[in-house]
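Enquirer: Line by line, the protein sequences are chains A and B.
Be aware that the first sequence starts at 1, since it is given in the UniProt record's numbering, and climbs by one per residue.
Be aware that the second sequence starts at 1, since it is given in the UniProt record's numbering, and climbs by one per residue.
Be aware that a few hints might be false.
Calculated pairs, DSS-like style, for lysine-lysine (alpha carbon to alpha carbon, straight line, at most 30 Å) [stated by the list, open to error]:
{"hint": "1", "chain 1": "B", "residue 1": "Lys239", "chain 2": "A", "residue 2": "Lys179"}
{"hint": "2", "chain 1": "B", "residue 1": "Lys116", "chain 2": "A", "residue 2": "Lys160"}
{"hint": "3", "chain 1": "B", "residue 1": "Lys63", "chain 2": "B", "residue 2": "Lys193"}
{"hint": "4", "chain 1": "B", "residue 1": "Lys83", "chain 2": "A", "residue 2": "Lys183"}
{"hint": "5", "chain 1": "A", "residue 1": "Lys177", "chain 2": "B", "residue 2": "Lys239"}
{"hint": "6", "chain 1": "B", "residue 1": "Lys63", "chain 2": "B", "residue 2": "Lys116"}
{"hint": "7", "chain 1": "B", "residue 1": "Lys61", "chain 2": "A", "residue 2": "Lys160"}
{"hint": "8", "chain 1": "B", "residue 1": "Lys83", "chain 2": "B", "residue 2": "Lys63"}
{"hint": "9", "chain 1": "A", "residue 1": "Lys191", "chain 2": "B", "residue 2": "Lys91"}
{"hint": "10", "chain 1": "A", "residue 1": "Lys177", "chain 2": "A", "residue 2": "Lys191"}
{"hint": "11", "chain 1": "B", "residue 1": "Lys91", "chain 2": "A", "residue 2": "Lys179"}
FRET-style restraints, in silico, Cβ to Cβ [stated by the list, open to error]:
{"hint": "12", "chain 1": "A", "residue 1": "Phe106", "chain 2": "B", "residue 2": "Glu55", "range": "26 to 36 Å"}
{"hint": "13", "chain 1": "A", "residue 1": "Leu182", "chain 2": "B", "residue 2": "Gln206", "range": "36 to 46 Å"}
{"hint": "14", "chain 1": "B", "residue 1": "Arg248", "chain 2": "A", "residue 2": "Ser163", "range": "30 to 40 Å"}
{"hint": "15", "chain 1": "B", "residue 1": "Asn111", "chain 2": "A", "residue 2": "Ala240", "range": "54 to 64 Å"}
A few chain A residues that face chain B, going by a derived Cβ cut-off under 10 Å, partial list only [claimed, not checked]:
{"hint": "16", "residue": "Leu11"}
{"hint": "17", "residue": "Glu168"}
{"hint": "18", "residue": "Ala189"}
Just so you know, these hints were derived from the structure itself, not from any lab.
Glycine is no exception: its CB is placed at the ideal position from the N, C-alpha and C atoms.
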Amino acid sequence: MNDYFRKYKNLMMLTVFIGATIIALIPLFGVLGYVVKNGLSALNLQFFVNLPKAMGLPGGGMANAIAGTLIMVLIASALGIPIGILAAIYLTEYDRHSWLSTAVRFATDVLTGIPSIIVGIVIYTAVVLKMGNFSALAGGLSLAVIMIPLIIRSTEEMLKLVSHSIREAGFALGISKAKTILKIVLPTAAKGIITGAMLAVARVAGETAPLLFTALGNQYWSRSLNEPTASLPVQIFQYATSPYKEWHQLAWAGSLVLILMVITLNLVARYAFRSKSI
Amino acid sequence: MGQTLSVRQLEAWYGSNKTLKGINMEVASNHVTAIIGPSGCGKSTFVRCINRMHETMPGTKVKGEIILDGKSIYDQDPVALRKMVGMVFQKPNPFPSMSIYENVVAGVRLNGMRNKQNLQGIAEKSLRMAALWDEVKDRLNYSGMSLSGGQQQRLCIARALAVEPSVLLMDEPASALDPIATTHIEELVRQLKEDYTILIVTHNMQQAARIADSTAFFLNGELVEHGATSEIFTNPNDKRTEDYITGRFG
């Protein structure tokens, strides 16, 4: 009797777990499926090479938005990846237990949770208003601000995984601390650090809110980094909220391209740099 | 050539815990000196003071004097000192991101030597001294992690020798290894004393008896007795030494 009851409970729980998993997956696949279905029909070569066209003209594209997203993600990476990694090195290797590193760690945790629109407003006030115009630089900067805490945390975790005995072995050979870290500890953790950085890049590539306040958007090619610049997420937002059906189609195509970019980055991060040993 | 070491009134702390309580000891050059004693007696702390690794841990403190080749080690830059005092750890710890070859020359290369021919010469010489050359000469570009535990430990010895220290500290170098690998390491230690002053911490008293010229017995942070190995094991002066080596405690 008892045995029967135990098996029955077991089966019940299993059913609940499977049910919850299915419910969790419905919106995920729903979103992906919907975007692919609507996006695929609107996607063509013109989408990748043409500028947006005025309402009613056929063959508009999002070439400038794709380029803008790539440029701003590049700016964000150039700023955020080195700063994040170097700060993480300081926190783990030089100052793991002081009040300063505890405070920085707390601040990074808070920053990772802050809504990105707030970062946008801050950069708008601090940079856009001071410089007098929206720009790719301000957009890249706001993405970098979102990236840095993510990279600090992931790099820190990876550096902590490197055994202390590896560092001691370096010191015991008469290698200075800085060289031990740069040439021995960092290469040992490299795969994990790169993976963390790529996931952070993927995360900011889809940010919309901070770019609305910083890069604004542009219907044409930007001639310099100091001009309003189009980006995929903002373009999607503007087209999707417009009243025109053709623009809705383009927004779907843009969504599909954006999702593919993010998925590609995720897959590369997961598989290309997956560590084989240790 | 090995160098003599003299240790005077050495005291060391981990936080408020005093692990060495005034050690006085002379270490002869080109000898193997074994440090024995129960767990927690300060043997590891003692050797870690000699290359100033003890101080790298947060919350530690050292007092006293260690004279190497006529100069106090505390007047020297610790990074420079560690080129003269090499160390092999309990668990083999090759650098995971480096090949066998890169591991061996890591010390000299990261300190600025670029000449490929010199580096290759150093790698071969060090691996031969560590009795590993014949086993790895055809796969120098393989990862250091691809070797067996015993081979990894000899790789770590080769890596320490490549820097050409005069003193070699070994902190239980064979305790993580199987008996055959242990025999290899012991054989190696006997050969290396031609060129180095060797201090070896060991839990294994048979090992101390087999390889050491002199043996020091530590207990609760004090040096109880230090003398010729044959004396310590057959006719110790101190009752506590006798109790320990006959297995009455520890």
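Enquirer: All hints are to be evaluated individually against the structure, with a verdict given for each.
Expert: Outcome of the hint check:
1. Lys239/B <-> Lys179/A: 48 Å, violated
2. Lys116/B <-> Lys160/A: Since the Cα atoms of lysine 116/B and lysine 160/A sit roughly 33 Å apart, the hinted pair is violated (cutoff 30 Å).
3. Lys63/B <-> Lys193/B: 29 Å, holds
4. Lys83/B <-> Lys183/A: 18 Å, holds
5. Lys177/A <-> Lys239/B: 45 Å, violated
6. Lys63/B <-> Lys116/B: 42 Å, violated
7. Lys61/B <-> Lys160/A: 25 Å, holds
8. Lys83/B <-> Lys63/B: Given that 30 Å is the threshold and the Cα spacing comes to 22 Å, the pair holds.
9. Lys191/A <-> Lys91/B: 24 Å, holds
10. Lys177/A <-> Lys191/A: 21 Å, holds
11. Lys91/B <-> Lys179/A: Within the cut-off at roughly 23 Å; holds.
12. Phe106/A <-> Glu55/B: 26 to 36 Å: 30 Å, holds
13. Leu182/A <-> Gln206/B: 36 to 46 Å: Holds, at about 43 Å.
14. Arg248/B <-> Ser163/A: 30 to 40 Å: Since the Cβ atoms of arginine 248/B and serine 163/A sit about 37 Å apart, the hinted range of 30 to 40 Å holds.
15. Asn111/B <-> Ala240/A: 54 to 64 Å: Once the Cβ atoms are compared, 60 Å apart, the range 54 to 64 Å for alanine 240/A and asparagine 111/B holds.
16. Leu11: With Cβ-Cβ at 45 Å, over 10 Å, it is violated.
17. Glu168: 6 Å, holds
18. Ala189: 9 Å, holds
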